[in-house]
Amino acid sequence: MLEDIPVLSILTFLPLLGTLITLLLPQSRVRFIRGTAIAFTFLPLLLAIALYVSYEPIVGGGAFAEKLTWLSIPLNTEAGLADKGATSYRLLFDYRMGVDGLSLPLVLLTGAVASMASLASVYIRKRWKLYYALFLLLQTGMYGVFLARDLTLFFIFFELTLIPMFFLIGIWGYFGREQAANRFLVYNGLGSAFMLLAFLILIATAGFSATETASGTTLSFSGSYEVLLANLADPNAAVNQDSIMYLSDNLKWTAFILLVIAFGIKLPIFPFHTWMLKVHAEAAPPVVMIHSGILLKMGAYGLLRFGAFLLPGQLQSWAPVLATLGVINIVYGAILACAQKEFKLVLAYSSISHMGIVLLGIASLNEAGFEGAVFQSVSHGLISALLFLIVGSLHERAETTRIDELGGLASVVPFTSGILLTAGLASLGLPGLSGFVGEFLSFLGLFDSYPWLVAVGVLGLLFAAVYVLRSVLSMTYGPLPDRFAAIRDVRFVEALPMIALTALIVLLGVYPALMTDMMSHSFDGLLKLLQSKVGG
Amino acid sequence: MQALQTLTWNDTWYLAPEIVLAAFTIALALLDLSLPRRIDRDIIGWGAVLGLVTAGVFVGWHIHDLGAWEKAGESPFRNLLDGSYRVDDFGNLLKLVFLGASALIVLASLGTVKKEEVPIKGEFYYLVLPAVLGAMVMASSGDLITLFIGMELLGIASYILVGVRKSSGLSGEAAFKYVVTGGTASAFVLYGMSFLYGATGSTRLSGIAQSIGDAVEGSKALVYVAFFLMIVGFALKLALAPFHAWAPDVYQGAPTPVTSFLGVVAKAAAFAMLYRLFVNTALYAYADTAQVREDLFLALAVLAAAAMIVGVAGALRQQNAKRLLALSGVANAGILLVPLTLDITSFHSSLFSEFIYYLLAYVFMNVGAFAVLTVVSRETGSEELSGFAGLYHRAPWTAAAMTALICSLAGLPVTGGFFGKLFILFGTVQTKQYWLAAILLFTTVVSYYLYFSFIRQMFMRSGDTERQTKVPMATGLVVWICAIASVALGVLPKPILEWVDGLFSVSLDFLSR
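Chains as they are written, first to last, in this note's numbering: chain A, 867 to 1402; chain B, 14 to 526.
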């Protein structure tokens, strides 16, 4: 039934509709605006769940794919093309959406985290109308990124997340918000520039195809993911032949490295991480939930989708580099997290550490590793969203989240403290919670090829236990400073998202097949390609 | 040597747009003289808009005629006065841009130009017309001398326009600087032209095209000198780095509508001239000119790159909105120059459609941004960036429109600026000019920071007052036309590009004669 409607587009553009409705509502009707925003955040989540229920891994997402010719730009036919029998020469920008086992988990993650962030937006205290309008716009961008199947469309959605995020950080953040917003803008803009250059190189070479029609040959450049994938794999395509479209090894490497830097900034890979520390520390809690929970995952997704699938040969050669970068991320993030006094920064560094594990998964080049990378992305998204939800709730009450100023919270806010402890345990990878599964799969995947790197990486996990327990315990136990004696535990509206996120973390930890089943067969094509490269 | 071909009655039809503008100029000048003092000179402004629109209608008519000829198998252009003036699709498209942009600019200034500031308001309105006329002559000329006359007409009219705020010291300084640099630019161009004439023996672009091959063989150095001198002149006119130092001062001193005119129409006209000269002199046509062609186009590419880098870097620390937009104009001139430098012989979307598309996007974003600036500076009395502080609270809709314009300037999707840059980038990547693509991309990223300083002011700072800003009707209209057009160009770039591609052809518009 879902196949009959353009479900992916509806899913993506529902929040945009919400933005328009929000903008039309009068500024003074705050409750109404909030209700609308929450409704338009939950609707896509419900659609995503429906999609999950009807998605069959063996069949794949082909039935849901949507394709529309958006723009077909005429190119100059005067450069002697008529002699070669070409009647039409065009640059195609297609509107293509698709879903597979790689996108679906991240779409579900987006739905879950965005919904919880919409509930957590009670912490926002000013200019609600603009806030919710941008919040919804951001969601359209995020869904679009995970569902787009055309390079240009992907880029547009990617940039679409940039503008609302700049506002969300810069208007509703803490004291250093503008600086954080600027850094966010410039770093991510830089990433986009790298990405666009790589995409253009791919479009101008691998995107070329000639199709015979009744009226003659049509030459076209297209950014369609399917066309690129097919052309790159086909040894007879112009891109692999000695032609003007030839994608030489040098160009392939250029494109690959550009992509690694582009998505490495987003992920973030050390040393491109400084911007995200600022954002973690200065943005409002619901905004950080989205940022840490979803936006960082766009880096992992992009690296897998474009780096791994389109240029597997380069990925294979660079696997040791990526694995090393991953280990550096893990250890660097973990050690610095141990030294922080501000809980938000502990979490920021822990994010760097955990995103390193994603890199290890990608570098492993086998099914367990890839699944681990995606699983780790989703699991870290849920955990960090939960942790920042708690940060928001604590900041609301204690007006600080510095570890050395807080203490003994377990006696005044037992519920929050309990959730905090659970989230902390999930973060350090306690078996039975989702964090463990992602880490385990990634390490398992890499162990085949680089056992020593795995050994160093696992050391990072020891540090995770140190920084998590140190900060969580010193915040919840010990003497309670007098000024915190009067604070109360969470209200129902705050408890709800905490419970929901905790439940998801436990569920995925206990029954990971919920997600890994979804991903099976998604990497078959890529793995086959990688094996054939090894064999030949 | 054939007899001199004079203007015939038949030709006047093809010159209709130019004649309309000249007639309107004279009529409005007389009207301004004869009207009693107490009557508001805005009526002359409306007259100027009417003149521009009428001329535009004629241009549209010509485009339609040329299209019909092409269908009938005739050549879709007309050479007047023995080829010294040509009416073709290239010229017509650019004329439409000039006329449309000028009409928007005059419309935006109606009601915002204050009598105290510009005592000669009537002149201010009708002097725009001869300036546009000069630009149109430049776009249509087929001869070096016609080119130069057009350039001077545009130049002289705009020197006066820059100095029109008679009581302001800045305006006088700007006018003086503009006269001096404008004169220098003309001198360089003229000097280069004389060498070109010496080397080829003709001032006709078609004549130059025929003999340039021999000239290169005979005295290569002379051809180089000729073109490099002209490039310097054009770079001065276009404010390309390192010839851009006058731009911020002049832009700041001139009244805002004039700034917007200089940034859009005067620049586009200089580009028209560059295209005419560089493409029409058939540097493409002969194999023996390949070396010269490559060198010249490399020089242009380097200028484009320098303009992008210097423009963006210089604007980073700018606190004055007009100077900032002036330097952003330097960077944008660099971007507009990129398509011309690409090798036309390899596959790409034709140097012209990319150019005209980005030019259109640039017209809308620039005219719109300057219109918002007039509204803001009228209210706060300052042209500093800080005048935008808290605009979101004072005029939320204008702030929203400005955000769209800013996104287009910065090249963020989905706007005309984004697709314009994307097409130009695609051209550079296809012709394997990766270094140019990289510079374009990275200056664009840095410019995010720059353009977002408007957004920071509008949305994140609070202004001195929360009083609602009054937006004059005509100015508001222009702001919204520009904002909507910027977004519409981004959502649906196809109709424009299809249309331009259908009209324009390198071989017919430039190379055939």
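Be a bit skeptical, because a hint or two may be false.
To give an idea of the chain A side of the interface with chain B (calculated C-beta under 10 angstroms), a few residues [unchecked claim]:
#: 1; residue: Phe1041
#: 2; residue: Gly1042
#: 3; residue: Asp1115
#: 4; residue: Lys1118
#: 5; residue: Trp1119
#: 6; residue: Thr1190
#: 7; residue: Leu1380
Once the Cα atoms are required to be at most 25 angstroms apart in a straight line, the calculated DMTMM-like pairs of lysine to aspartate or glutamate come out as [stated by the list, open to error]:
#: 8; chain 1: B; residue 1: Lys507; chain 2: A; residue 2: Asp1108
#: 9; chain 1: A; residue 1: Lys995; chain 2: B; residue 2: Asp55
#: 10; chain 1: A; residue 1: Lys933; chain 2: B; residue 2: Glu511
#: 11; chain 1: B; residue 1: Lys445; chain 2: A; residue 2: Asp1108
#: 12; chain 1: A; residue 1: Lys992; chain 2: B; residue 2: Asp477
#: 13; chain 1: B; residue 1: Lys507; chain 2: A; residue 2: Glu869
#: 14; chain 1: B; residue 1: Lys445; chain 2: A; residue 2: Glu932
Distance ranges between label pairs, derived from CB positions [said to hold, decoys possible]:
#: 15; chain 1: A; residue 1: Ala1080; chain 2: B; residue 2: Lys507; range: 19 to 27 angstroms
#: 16; chain 1: B; residue 1: Tyr447; chain 2: A; residue 2: Leu934; range: 58 to 66 angstroms
#: 17; chain 1: B; residue 1: Leu490; chain 2: A; residue 2: Leu886; range: 53 to 61 angstroms
#: 18; chain 1: B; residue 1: Ser181; chain 2: A; residue 2: Phe908; range: 52 to 60 angstroms
#: 19; chain 1: A; residue 1: Leu886; chain 2: B; residue 2: His77; range: 35 to 43 angstroms
#: 20; chain 1: A; residue 1: Ala1080; chain 2: B; residue 2: Ile162; range: 46 to 54 angstroms
#: 21; chain 1: B; residue 1: Ser224; chain 2: A; residue 2: Val1187; range: 57 to 65 angstroms
#: 22; chain 1: B; residue 1: Leu490; chain 2: A; residue 2: Thr1266; range: 46 to 54 angstroms
Honestly, the hints are just simulated from the structure, not real lab data. By construction, the Cβ of each residue, glycine as well, lies at the ideal position given by its N, Cα and C atoms.
* Restraint check for lysine 507 (chain B) with glutamate 869 (chain A), where alpha carbons must lie at most 25 angstroms apart -> The hint is violated at about 30 angstroms.
* Asked: Holds or violated: is the Cβ of threonine 1190 (chain A) closer than 10 angstroms to a Cβ in chain B?
  -> violated, 27 angstroms
* To do: Under 10 angstroms, Cβ to Cβ, is where phenylalanine 1041 (chain A) needs to be relative to chain B, so tell me if that hint holds or is violated.
  => violated, 13 angstroms
* Asked: Would you say the C-beta atoms of serine 224 (chain B) and valine 1187 (chain A) sit inside 57 to 65 angstroms of each other?
  -> holds, 58 angstroms
* To do: Return holds or violated for the Cβ distance of leucine 886 (chain A) and histidine 77 (chain B) against the range 35 to 43 angstroms.
  => holds, 38 angstroms
* Status of the lysine 1118 (chain A) interface restraint (C-beta, 10 angstroms, chain B) -> violated, 14 angstroms
* Asked: Does 46 to 54 angstroms hold as the CB distance between alanine 1080 (chain A) and isoleucine 162 (chain B), or does it fail?
  -> 52 angstroms Cβ-Cβ, so the 46 to 54 angstroms window holds.
* Restraint check for lysine 933 (chain A) with glutamate 511 (chain B), where alpha carbons must lie at most 25 angstroms apart -> At roughly 22 angstroms apart (the allowed maximum being 25 angstroms), glutamate 511 (chain B) and lysine 933 (chain A) satisfy the hint.
* Asked: If you draw a straight line from the CA of lysine 507 (chain B) to the CA of aspartate 1108 (chain A), is it 25 angstroms or shorter?
  -> Measuring from Cα to Cα gives roughly 32 angstroms; hence the hint is violated.
* Taking the beta carbons of alanine 1080 (chain A) and lysine 507 (chain B), is their distance inside 19 to 27 angstroms? -> Check passed, 23 angstroms falls within 19 to 27 angstroms.
* **Pairwise hint evaluation, aspartate 55 (chain B) against lysine 995 (chain A), where the allowed Cα distance is 25 angstroms at most** => violated, 40 angstroms
* To do: Identify whether the interface hint at leucine 1380 (chain A) stands, where standing means a beta carbon of chain B within less than 10 angstroms of its own.
  => violated, 35 angstroms
When each numbered hint is compared with the structure, violations occur for hints 1, 2, 3, 4, 5, 6, 7, 8, 9, 13, 14, 16 and 17.
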